[in-house]
Structure formats: C-alpha cells, structure tokens
Amino acid sequence: MPTLRLMHADDLPEIMDIQLKIYSDALQESPETVAQRLAQVPDLALVAEDKQGICGYLISYRSQRGTITALDGLFAEPEHSDCLYLHDLGIAPRALKRGIGQSLVKHKFNMARKLGLRHCSLVSVQDSAPFWQRLGFKKQKPNHPQHIAALASYGVPAVYMQKTL
Numbered sequence: 095m096p097t098l099r100l101m102h103a104d105d106l107p108e109i110m111d112i113q114l115k116i117y118s119d120a121l122q123e124s125p126e127t128v129a130q131r132l133a134q135v136p137d138l139a140l141v142a143e144d145k146q147g148i149c150g151y152l153i154s155y156r157s158q159r160g161t162i163t164a165l166d167g168l169f170a171e172p173e174h175s176d177c178l179y180l181h182d183l184g185i186a187p188r189a190l191k192r193g194i195g196q197s198l199v200k201h202k203f204n205m206a207r208k209l210g211l212r213h214c215s216l217v218s219v220q221d222s223a224p225f226w227q228r229l230g231f232k233k234q235k236p237n238h239p240q241h242i243a244a245l246a247s248y249g250v251p252a253v254y255m256q257k258t259l
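Position one of the sequence shown corresponds to residue 95 (my numbering), numbered consecutively onward.
Think of the hints as simulated: they come from the structure by calculation, not from any bench. Cβ coordinates follow ideal geometry from the N, Cα and C atoms, glycine included. Treat the hints with care, since some could be wrong.
What the hints assert, rightly or not - Have a look at the derived ranges for each label pair, beta carbon to beta carbon: (1) Gln220 - Ser124: 16 to 24 Å; (2) Met95 - Asp137: 18 to 26 Å; (3) Arg159 - Arg188: 33 to 41 Å; (4) Thr97 - Pro187: 29 to 37 Å.
Stated by the list, open to error - Using 25 Å as the maximum straight-line C-alpha spacing, the simulated PhoX-like pairs for lysine-lysine come out as follows: (5) Lys235 - Lys191; (6) Lys208 - Lys191; (7) Lys145 - Lys208; (8) Lys191 - Lys145.
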C-alpha cells in the first residue's frame with residue numbers, strides 16, 4: 095500500500111499529470127489554482143506515494159455544510175467551520191482498484207474528527223457518486239442560489255453530497 099503524506103509544492107507537476115489523465119477538459123483546473131489551494135491549506139492536502147511516485151491525492155479545506163466551491167474558485171474558509179470539504183480526489187490510472195482513494199478519504203475522516211469537524215461534503219463528478227455513497231455520503235440538493243450556481247460551474251453532471259462523521 096502506498097504511503098500517505100502531506101502534499102508539497104514540488105508534487106504539483108505529478109498532481110497536474112494525474113489531473114490530465116483522469117478529468118475531462120471541462121474539469122481541468124489550472125496549475126496556478128491548484129498551487130494557490132495548496133498554499134491556502136497545506137495541512138489538508140494529502141498525496142499517496144508508491145515506488146513509482148505519486149499515485150493519488152486529496153485536497154480539502156474547512157467549510158460549512160451546504161457551502162459549495164465553484165470549479166476554479168478560491169477556497170473560502172469560514173470563521174466557524176463544521177465541515178471538511180473534500181474538493182479534489184485524484185487517483186492515477188495505473189493505481190486504480192488498489193483502495194487508494196478509500197484510504198485517502200478515510201484518513202481525511204480521521205483528520206476532520208481531530209479538527210472537531212462533524213461533517214464532510216463534496217461535489218461528485220464523472221459518475222463517481224456510487225463510490226462516495228459506499229463511503230457513507232448522501233446526495234443533497236443545494237438551496238442557496240450562490241451554491242446552485244457554484245454546482246453548475248462544473249459544466250458536467252455534478253452532485254453535492256454530505257456525510258456526518
């Protein structure tokens with residue numbers, strides 16, 4: 095099993111390479127956006143690394159239930175957080191079916207609990223909702239116009255999901 099560790103700025107080329115391989119053009123985020131996010135939340139960005147290099151990553155931030163970040167939007171951490179928002183989980187094609195995504199997510203659940211956060215949320219894209227449902231997430235409909243617009247910014251079928259820890 096790969097080693098999980100905090101992401102570093104020098105990991106970004108491998109992160110961007112994974113993004114290019116797994117996401118449609120509509121979901122590609124710029125290297126500048128990813129670097130800015132890492133700078134914002136260095137304690138909440140993880141990578142999975144094996145003998146061949148980085149094989150997965152998960153970037154998250156403190157948030158509030160019901161709040162959705164638009165694609166390429168900046169993370170806005172509220173003064174009072176109750177939720178860990180899992181923004182981007184990426185697994186290299188060479189590492190699929192090894193349980194890496196599940197390991198990264200479960201590690202984040204533990205991190206969230208240690209931070210005193212009682213919930214996790216995310217936006218599911220590319221028909222990934224069944225994966226998230228197996229981890230206990232439930233589909234939720236946003237009701238605030240700003241969050242509905244943020245969900246629509248993904249330009250593909252996107253589903254907001256939440257889990258109570």
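Item to check | Hint numbers contradicted by this structure | outcome: Violated hints: 4, 5, 6, 7; rest satisfied.
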